[in-house]
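Q: Sequential numbering from 3 applies to the sequence shown in my numbering.
Because the hints were derived from the structure by calculation, they are not lab data. Just so we're clear, the structure is a prediction, and the values are computed from it rather than from any experiment. Note that CB positions come from ideal geometry on N, CA and C, so glycine has one too. A hint or two may mislead.
To be verified - Quick list of in silico lysine to aspartate or glutamate cross-link-like pairs, EDC-like style, CA-CA up to 16 Å:
id: 1; residue 1: K478; residue 2: E507
id: 2; residue 1: K453; residue 2: E524
id: 3; residue 1: K448; residue 2: D529
id: 4; residue 1: K503; residue 2: D493
id: 5; residue 1: K454; residue 2: E524
id: 6; residue 1: K514; residue 2: D491
id: 7; residue 1: K265; residue 2: E249
id: 8; residue 1: K390; residue 2: D43
id: 9; residue 1: K429; residue 2: D465
id: 10; residue 1: K512; residue 2: D74
id: 11; residue 1: K221; residue 2: E264
id: 12; residue 1: K514; residue 2: D43
id: 13; residue 1: K433; residue 2: E451
As the list claims (entries may be wrong) - Estimated spans, in silico, between C-beta atoms of each pair:
id: 14; residue 1: G125; residue 2: E511; range: 22 to 32 Å
id: 15; residue 1: G177; residue 2: G304; range: 12 to 22 Å
id: 16; residue 1: A523; residue 2: V437; range: 17 to 27 Å
id: 17; residue 1: G177; residue 2: L472; range: 50 to 60 Å
id: 18; residue 1: E531; residue 2: D66; range: 29 to 39 Å
id: 19; residue 1: E527; residue 2: V173; range: 34 to 44 Å
id: 20; residue 1: G447; residue 2: G125; range: 19 to 29 Å
id: 21; residue 1: D167; residue 2: A65; range: 47 to 57 Å
id: 22; residue 1: L472; residue 2: G447; range: 11 to 21 Å
id: 23; residue 1: D225; residue 2: K512; range: 48 to 58 Å
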Amino acid sequence: MRSIIFRWVMRFAAAAAGITLLFSIILPWINGAEYEINTADERYTVNAVTDTINVWSPYAFSADTQPDGENDVMSFVKYIELMSATGGNAELDPFVDPSDRTTKTDYDFSRIIGSCRGILNLGAKPLIKLGNVPMKLSAEPLIGAFGVNVRPPEDYNEWYRFICDYVGALVDEFGLSEVQSWRFGLLTEFENADWFYAGDKDPELSKEAYCKLYDYTVKALTDILGNDVYIGAHAMAATEGIWDEREFIRHCAEGTNYATGEKGTRICYLAASHYDGSVEASADMTPAETIEHLRSAAEEYGLYNLHYGIDEGRIYGGADGKDDRQLLSRAVGYNIQAAYDAKQYIEFAENDIDYFSSWGYTTGSSVWGYPSLSYYTAQCFAKMAGAKAVGITANASKLPKVETGALAAKKDGTLYIMAYNYKQRIKYSLKSNTVFKIDVPEFQGKTVEIKKYLIDSDANFFDEWQSDRLKYGILKNSFSWSPDDFALDSDTTLCGERAKKIYREQLREKYKQCAVLDCTAETVEVDGELVLKNATDPNTVVFYEISVK
3 MRSIIFRWVM RFAAAAAGIT LLFSIILPWI NGAEYEINTA DERYTVNAVT
53 DTINVWSPYA FSADTQPDGE NDVMSFVKYI ELMSATGGNA ELDPFVDPSD
103 RTTKTDYDFS RIIGSCRGIL NLGAKPLIKL GNVPMKLSAE PLIGAFGVNV
153 RPPEDYNEWY RFICDYVGAL VDEFGLSEVQ SWRFGLLTEF ENADWFYAGD
203 KDPELSKEAY CKLYDYTVKA LTDILGNDVY IGAHAMAATE GIWDEREFIR
253 HCAEGTNYAT GEKGTRICYL AASHYDGSVE ASADMTPAET IEHLRSAAEE
303 YGLYNLHYGI DEGRIYGGAD GKDDRQLLSR AVGYNIQAAY DAKQYIEFAE
353 NDIDYFSSWG YTTGSSVWGY PSLSYYTAQC FAKMAGAKAV GITANASKLP
403 KVETGALAAK KDGTLYIMAY NYKQRIKYSL KSNTVFKIDV PEFQGKTVEI
453 KKYLIDSDAN FFDEWQSDRL KYGILKNSFS WSPDDFALDS DTTLCGERAK
503 KIYREQLREK YKQCAVLDCT AETVEVDGEL VLKNATDPNT VVFYEISVK
């Protein structure tokens, strides 16, 4: 109920301000919906919500990385976020000898250079998360819950020189103009003591240490890359940290810069984490509420036109909700994930959230493996990036508790429509009889081609996997983390040697054939209102592309 109230409050506030927003609706008592679409009623530009993914290891790629040919994820992913990219432990620190404290300049940047080269080979740009302090740059380094040093640098001038040399090495390798096109961030969840703190987790000291770290990092970046460098910060926001993230926003707007002595600090984006506990258990705040929390603080202090995103999130754990059953992809393989994702993407579009950084859409790590339903939902939604959202209203018929929503947008002569039929239950079983009545003046008197994609069980391998698990006796003890994850090519998900052998030798090729999204097409003459009808299966998505033939 909180999310419903929030959405209507947002719409009311926007209307009062003379702003027109896309109509997205939650209909709590229906199994069918009728939408009226008016393409002459142009609204706003749809953001490229699905253009970013994140990887845990900054060295996940190498200089010879190439696409594996099993997916086309790079058709919509434009940025790859490298977490902990400045190190923070003996394995990650970019030094020849991380333990030798007699020298602070025995750099070895070859691995980060190789990883960035691999990202470029894939056709994307790096988003480099700086800020994890190498062990020998802290006076008393301490490894925290995420396996990296949580302590600030001993000498911020030394940190400044380190970042200058780090980024300078990237410029030497890739050229100034190339690195200027990349994105940078400082730390993950900066107010989370599991990532960073000062003193004995003292709130004031920790805030000061992070703001100082940010200022010196920005100075180093601008000194090497120029004043237009793209830099921002990632807060928990939805979860209370050891200090208030709004104090950092205030510092960027009006505080005294620790590195320059001037007022304020450059910031281009603010990001948050957002996790639902399981696919059937929502967080206290929606993604839109979480971002609004950051945006309202920024605008209160005069920071407008920032970008906003979710730097990590979706679903934390498997369907059983147990903490020790985390999802590696932070997504499940069941059909519900398609509708869950579509619902979130429409919420992001409606609330001007610029991007969502996914942990992955395929069965392998980050960019490798064959597709999941989550992949197809992201791929279809990406076609709407840059399109103009158009007016859509909904008329509901009375039915049991179901959530439906739709987005319509047009670009380059094509009308796109995405709609979902969703209930927060994996075993939900009601179809949604969905009707679209479209007033589309630009298609009048013309022959159009209507392409339809059903992102449902026919494009999903995971139902076959559930049956095969029973057939072959693959039990929960064959999984390191949750068995509800679609990332079967990762040992973090599927770890049992017998189970891996069965999957790889007997099942994998079959699943690749199952994981194919089909498209049906028809041509019609448009004479008056264009009407589309679809019986949308439970917890699935329908996507249309309509263009003049």
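Q: Now look at each hint and say whether the structure bears it out.
A: Cross-check of the supplied hints:
no., hint, in the structure
1, K478 <-> E507, "20 Å, violated"
2, K453 <-> E524, "7 Å, holds"
3, K448 <-> D529, "8 Å, holds"
4, K503 <-> D493, "12 Å, holds"
5, K454 <-> E524, "9 Å, holds"
6, K514 <-> D491, "12 Å, holds"
7, K265 <-> E249, "15 Å, holds"
8, K390 <-> D43, "10 Å, holds"
9, K429 <-> D465, "12 Å, holds"
10, K512 <-> D74, "19 Å, violated"
11, K221 <-> E264, "11 Å, holds"
12, K514 <-> D43, "41 Å, violated"
13, K433 <-> E451, "26 Å, violated"
14, G125 <-> E511: 22 to 32 Å, "27 Å, holds"
15, G177 <-> G304: 12 to 22 Å, "35 Å, violated"
16, A523 <-> V437: 17 to 27 Å, "20 Å, holds"
17, G177 <-> L472: 50 to 60 Å, "55 Å, holds"
18, E531 <-> D66: 29 to 39 Å, "55 Å, violated"
19, E527 <-> V173: 34 to 44 Å, "57 Å, violated"
20, G447 <-> G125: 19 to 29 Å, "40 Å, violated"
21, D167 <-> A65: 47 to 57 Å, "20 Å, violated"
22, L472 <-> G447: 11 to 21 Å, "55 Å, violated"
23, D225 <-> K512: 48 to 58 Å, "55 Å, holds"
Checked against the numbered hints given earlier, this structure breaks hints 1, 10, 12, 13, 15, 18, 19, 20, 21 and 22; the rest are met.
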